[in-house]
Amino acid sequence: DSGVTQTPKHLITATGQRVTLRCSPRSGDLSVYWYQQSLDQGLQFLIQYYNGEERAKGNILERFSAQQFPDLHSELNLSSLELGDSALYFCASSPRLDGYEQYFGPGTRLTVT
Amino acid sequence: GENVEQHPSTLSVQEGDSAVIKCTYSDSASNYFPWYKQELGKRPQLIIDIRSNVGEKKDQRIAVTLNKTAKHFSLHITETQPEDSAVYFCAASKIGDSARQLTFGSGTQLTVLP
Chain A
77 DSGVTQTPKH
87 LITATGQRVT
97 LRCSPRSGDL
107 SVYWYQQSLD
117 QGLQFLIQYY
127 NGEERAKGNI
137 LERFSAQQFP
147 DLHSELNLSS
157 LELGDSALYF
167 CASSPRLDGY
177 EQYFGPGTRL
187 TVT
Chain B
13 GENVEQHPST
23 LSVQEGDSAV
33 IKCTYSDSAS
43 NYFPWYKQEL
53 GKRPQLIIDI
63 RSNVGEKKDQ
73 RIAVTLNKTA
83 KHFSLHITET
93 QPEDSAVYFC
103 AASKIGDSAR
113 QLTFGSGTQL
123 TVLP
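Chains A and B supply the protein sequences, listed in that same order. Note that the numbering used here has the first sequence beginning at 77, numbered continuously upward. Note that the numbering used here has the second sequence beginning at 13, numbered continuously upward.
Rather than coming from a laboratory, the hints here were simulated on the basis of the structure.
In silico contact screen, one side only, chain B against chain A (beta carbon under 8 Å); selected entries: (1) Tyr44; (2) Arg55; (3) Pro56; (4) Leu58; (5) Phe101; (6) Ser105; (7) Ile107; (8) Gly108; (9) Ser110; (10) Arg112; (11) Gln113; (12) Leu114; (13) Phe116; (14) Ser118; (15) Gly119.
Using 20 Å as the maximum straight-line C-alpha spacing, the simulated EDC-like pairs for lysine to aspartate or glutamate come out as follows: (16) B:Lys106 with A:Glu177; (17) A:Lys85 with A:Glu151; (18) B:Lys106 with A:Asp174; (19) B:Lys106 with A:Asp105; (20) B:Lys54 with A:Asp77; (21) A:Lys133 with B:Glu14; (22) B:Lys54 with A:Glu177; (23) B:Lys106 with A:Glu130.
Only a predicted model underlies this, so the values are computations on that prediction, with no experimental measurement involved. Glycine residues also receive a C-beta, built at the ideal position from the N, C-alpha and C atoms.
Given these sequences and hints, build the entire structure.
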């Protein structure tokens, strides 16, 4: 157990819908990273928050957004869902800004039908 | 940006044999190289990492070596066991005082045959 929690574990929804994925980092970790894992694209970095502020952006679609709250939990919002958005979404946390020692949560499996 | 290539994509070894997975990176400024193990349907788990100021690091049956000149690093697993079967990912980043993301390789499916 990494100490990072994610909810829900599974999510099944229809195209065009909007969902919110939640992540709680390890105690004391200020950085939260979101990754998407799909069969064809591998593990792809989406976005990083550090102590409430967005600090780095990767291959994140405009339909996706995220935020980190004062209690350091983070939410990833996915809207206008398409079939291709079906994937495992992981968050990872780290005590530092620079990506050192990232610990992954159990992931949320999103299925868009 | 950084690009990480990982080989082989699949690897089968007999129990007790050694396994080696290799990665190359493109950005000579990268200085942090973690390895993650991911079992089917589970989270990637950090198993070992190395910084560029050392050439080798060991943790029981697992070791990582780094060749900065050639820009490649390798994961070595000795005395493999069936529970080592998983997908292994290498990654690279530049740690320091600014925001950095990990760039992952494409993964190696390791199968340890009993």
